[in-house]
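*Asks:* Sequence:
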Amino acid sequence: MKQKLIHLLKESLDICFERGVLETRDIPSIEIEATKEEAHGDYATNVAMVLASLMKMNPRKIASLIVENILDNDGILEKVEIAGPGFINFFMKDILWVTLLEEVNDRNDTYGTSALGANKRVQVEFVSANPTGPLHIGHARGAVIGDVIANILKACSFSVSKEYYINDAGNQMNNLGKSVLLRYLELLGIHIEYPEECYQGQYIVDLAGEIIEKYGTRYKDNGSDDNIRFFTEYAAASILDGIKKDLEDFGVVFDCFFSEKTLYQNNGVEKLLHELGKKGYVYNDGATLWFKTTDFGDEKDRVVVRENGEPTYFAADIAYHKNKYERGFDTVIDIWGADHHGYVPRMYAGIQAIGKDKGALQVVLVQLVSLLRDGKPVAMSTRAGEFVTLGEVVAEVGKDASRYNFLMRRSHSHLDFDLELAKKQSNENPVYYVQYAHARISSILRTAQERGYAIPEYKDINVNLLNLPEELALIKTIDRFPELVEGSAQALEPHRITFFCNDLASLFHSYYNKNRVVSDDAELTKARLFLVKCIGIVLRNALRLLGVSAPDRM
RNA sequence: GCGCCCAUAGCUCAGCUGGAUAGAGUGUCGGACUACGAAUCCGAAGGUCGAAGGUUCGAAUCCUUCUGGGCGCGCCA
Numbered sequence: 001m002k003q004k005l006i007h008l009l010k011e012s013l014d015i016c017f018e019r020g021v022l023e024t025r026d027i028p029s030i031e032i033e034a035t036k037e038e039a040h041g042d043y044a045t046n047v048a049m050v051l052a053s054l055m056k057m058n059p060r061k062i063a064s065l066i067v068e069n070i071l072d073n074d075g076i077l078e079k080v081e082i083a084g085p086g087f088i089n090f091f092m093k094d095i096l097w098v099t100l101l102e103e104v105n106d107r108n109d110t111y112g113t114s115a116l117g118a119n120k121r122v123q124v125e126f127v128s129a130n131p132t133g134p135l136h137i138g139h140a141r142g143a144v145i146g147d148v149i150a151n152i153l154k155a156c157s158f159s160v161s162k163e164y165y166i167n168d169a170g171n172q173m174n175n176l177g178k179s180v181l182l183r184y185l186e187l188l189g190i191h192i193e194y195p196e197e198c199y200q201g202q203y204i205v206d207l208a209g210e211i212i213e214k215y216g217t218r219y220k221d222n223g224s225d226d227n228i229r230f231f232t233e234y235a236a237a238s239i240l241d242g243i244k245k246d247l248e249d250f251g252v253v254f255d256c257f258f259s260e261k262t263l264y265q266n267n268g269v270e271k272l273l274h275e276l277g278k279k280g281y282v283y284n285d286g287a288t289l290w291f292k293t294t295d296f297g298d299e300k301d302r303v304v305v306r307e308n309g310e311p312t313y314f315a316a317d318i319a320y321h322k323n324k325y326e327r328g329f330d331t332v333i334d335i336w337g338a339d340h341h342g343y344v345p346r347m348y349a350g351i352q353a354i355g356k357d358k359g360a361l362q363v364v365l366v367q368l369v370s371l372l373r374d375g376k377p378v379a380m381s382t383r384a385g386e387f388v389t390l391g392e393v394v395a396e397v398g399k400d401a402s403r404y405n406f407l408m409r410r411s412h413s414h415l416d417f418d419l420e421l422a423k424k425q426s427n428e429n430p431v432y433y434v435q436y437a438h439a440r441i442s443s444i445l446r447t448a449q450e451r452g453y454a455i456p457e458y459k460d461i462n463v464n465l466l467n468l469p470e471e472l473a474l475i476k477t478i479d480r481f482p483e484l485v486e487g488s489a490q491a492l493e494p495h496r497i498t499f500f501c502n503d504l505a506s507l508f509h510s511y512y513n514k515n516r517v518v519s520d521d522a523e524l525t526k527a528r529l530f531l532v533k534c535i536g537i538v539l540r541n542a543l544r545l546l547g548v549s550a551p552d553r554m
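For the first sequence, position 91 (counting from the first letter as 1) is numbered 91 according to the numbering used here, and the numbering increases by one without interruption.
In case anyone wonders, no lab produced these hints; they're calculated from the structure. A few of these clues could be false.
Unchecked claim - Pairwise CB distance ranges, derived in the manner of DEER restraints:
#1 Pro551 to Leu100: 20 to 28 Å
#2 Gln3 to Ser64: 21 to 29 Å
#3 Gly375 to Asp249: 25 to 33 Å
#4 His414 to Gly487: 20 to 28 Å
#5 Glu102 to Gly20: 52 to 60 Å
#6 Ile6 to Gly84: 19 to 27 Å
#7 Lys459 to Glu483: 22 to 30 Å
#8 Gly216 to Asp552: 21 to 29 Å
#9 Glu37 to Arg544: 25 to 33 Å
#10 Ala338 to Asn171: 23 to 31 Å
#11 Arg544 to Ala338: 24 to 32 Å
#12 Gly286 to Asn171: 15 to 23 Å
#13 Lys214 to Pro551: 36 to 44 Å
Built from N, CA and C at the ideal position, the CB exists for glycine as well.
Construct the complete structure from the given sequences, taking the supplied hints into account.
*Replies:* What follows is the structure, encoded as structure tokens:
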């Protein structure tokens, strides 16, 4: 619809230039937007005002010149008005909107998808928590946002891979192994001091118990490095399995789990340091190797090799990103907790140093979550190992409600997650509002069939019967959906889909309460059934993007 | 001290990359089920968009300063 208007507008501008009534050759990028107010028509453009400042002419004068030269050969316009300081308002013929439903129905599950991404290869990396303990509520938000961003990009024809980076190298892994070993010895009745810096959670004790069950007491007398390595590997593998399971129950499935260890095994870090050296981006200070991230706008340089000769996490992370690009991704999207925001400039420095454009990396920062129960904060301490895990939240609240709750805010605004509120199956919980709309539509279609109506196709209906203002409002909202998905993909903002779901559900509920779909008037019933069916399609497609189910009954 | 994020109705938040008279939900008050699902709907009330300047035809949106809150500022990850 919008494209048709842009075409008309361009034609008119061309004619104006040719006739010499407008002088400027620099045609500003034509922007047409859907209006908020009905009185302003369906679409409006500001080109006249933009041209006015360029050419120093009266904007309303320009607007009228443009309007005079519009050639509406297909007759899609009801009327065109000039309003306010120089807006051109377009009123489309109502019937045009209704005919758009044919496409919705035909495309069904694929309505809302587009070719925007042109199969460009994108990787979305998210969660990436250390396998040193179960995921908690803080990870959950990043998990859903990453998952839904991936869904949205896929819908826009990006070729998307979802990846989890396993930080399984470094001393926190040693610490994990040591923790489990100590608990193991403790369970075997050996008196030990359990240090503060070891992992405190009950899950460490459980793991130790598991090892006793499977392997008995054979590690009792030997505190060698090999021993610790065994405990580390056992614990990490087991914890990672738990993480995968919790994510799966949450509806989050990854295409790839990438191990930091393999970077070292394949000399990725070494090669990277060599490359940085060759390009002159590093310098020595004693045994320490510094990377000149300030060359790329960072506030200070960063260490990549420690005094003890070991590379830093940052060095590995650059090597990891280099590896991503070597695997052929055009764009890499990292989803991080907002507490890592200070890390952003140095990561951009990293990818630029390996020759990538800044645009090849996009970092989405997700603000932290406060967990509440009945409005009161739930005490959590990672250090003491006391926290509500993702698995517990999903078990208590359910997948759909918890996902939806995480998607109701812009990712960079704080989020309160109230367990009791999220659990409530009432109007206080927006997820059910939307799902109820879908269930209600299914119910209407069932009722219609019981009364002998077939589910109509576009050819079965008289489009002129869908002429109520609320019907047109519904249809216009449905029509907006594909652009909404595209905008959401470009801005990496999944919450827009959530708000759309609420809007559409609201329009539908209102329509339903005011008007009867299934009646004795066969023609009218068919037309309305068709509309309702289309609403169902769009709700379903939108919810699918969010990874939330669209139930036929509740 | 420096950097990033946030500040919009009593509360929780949107505001589509600068558009016209700033919108939802929730809460409060008042209404709607003998018809397709009341987990729904309709109506009322509710605002100096944190403050002050600036940019322009036009600012909640962009720039500067200030106030208040969150998070960072490791040779941790």
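*Asks:* All hints, please: hold or fail.
*Replies:* Taking the hints in turn, this is what the structure says about them:
1. Pro551 to Leu100: 20 to 28 Å: Holds, at about 27 Å.
2. Gln3 to Ser64: 21 to 29 Å: For Gln3 and Ser64 the Cβ distance comes to about 24 Å; the hint holds.
3. Gly375 to Asp249: 25 to 33 Å: 27 Å, holds
4. His414 to Gly487: 20 to 28 Å: 24 Å, holds
5. Glu102 to Gly20: 52 to 60 Å: 42 Å, violated
6. Ile6 to Gly84: 19 to 27 Å: Holds - the Cβ-Cβ distance for Ile6 and Gly84, about 21 Å, lies within 19 to 27 Å.
7. Lys459 to Glu483: 22 to 30 Å: Given about 27 Å between the Cβ atoms, the range holds.
8. Gly216 to Asp552: 21 to 29 Å: Cβ of Gly216 to Cβ of Asp552: about 53 Å, so the range 21 to 29 Å is violated.
9. Glu37 to Arg544: 25 to 33 Å: 32 Å, holds
10. Ala338 to Asn171: 23 to 31 Å: 25 Å, holds
11. Arg544 to Ala338: 24 to 32 Å: 28 Å, holds
12. Gly286 to Asn171: 15 to 23 Å: Since the Cβ atoms of Gly286 and Asn171 sit about 21 Å apart, the hinted range of 15 to 23 Å holds.
13. Lys214 to Pro551: 36 to 44 Å: 42 Å, holds
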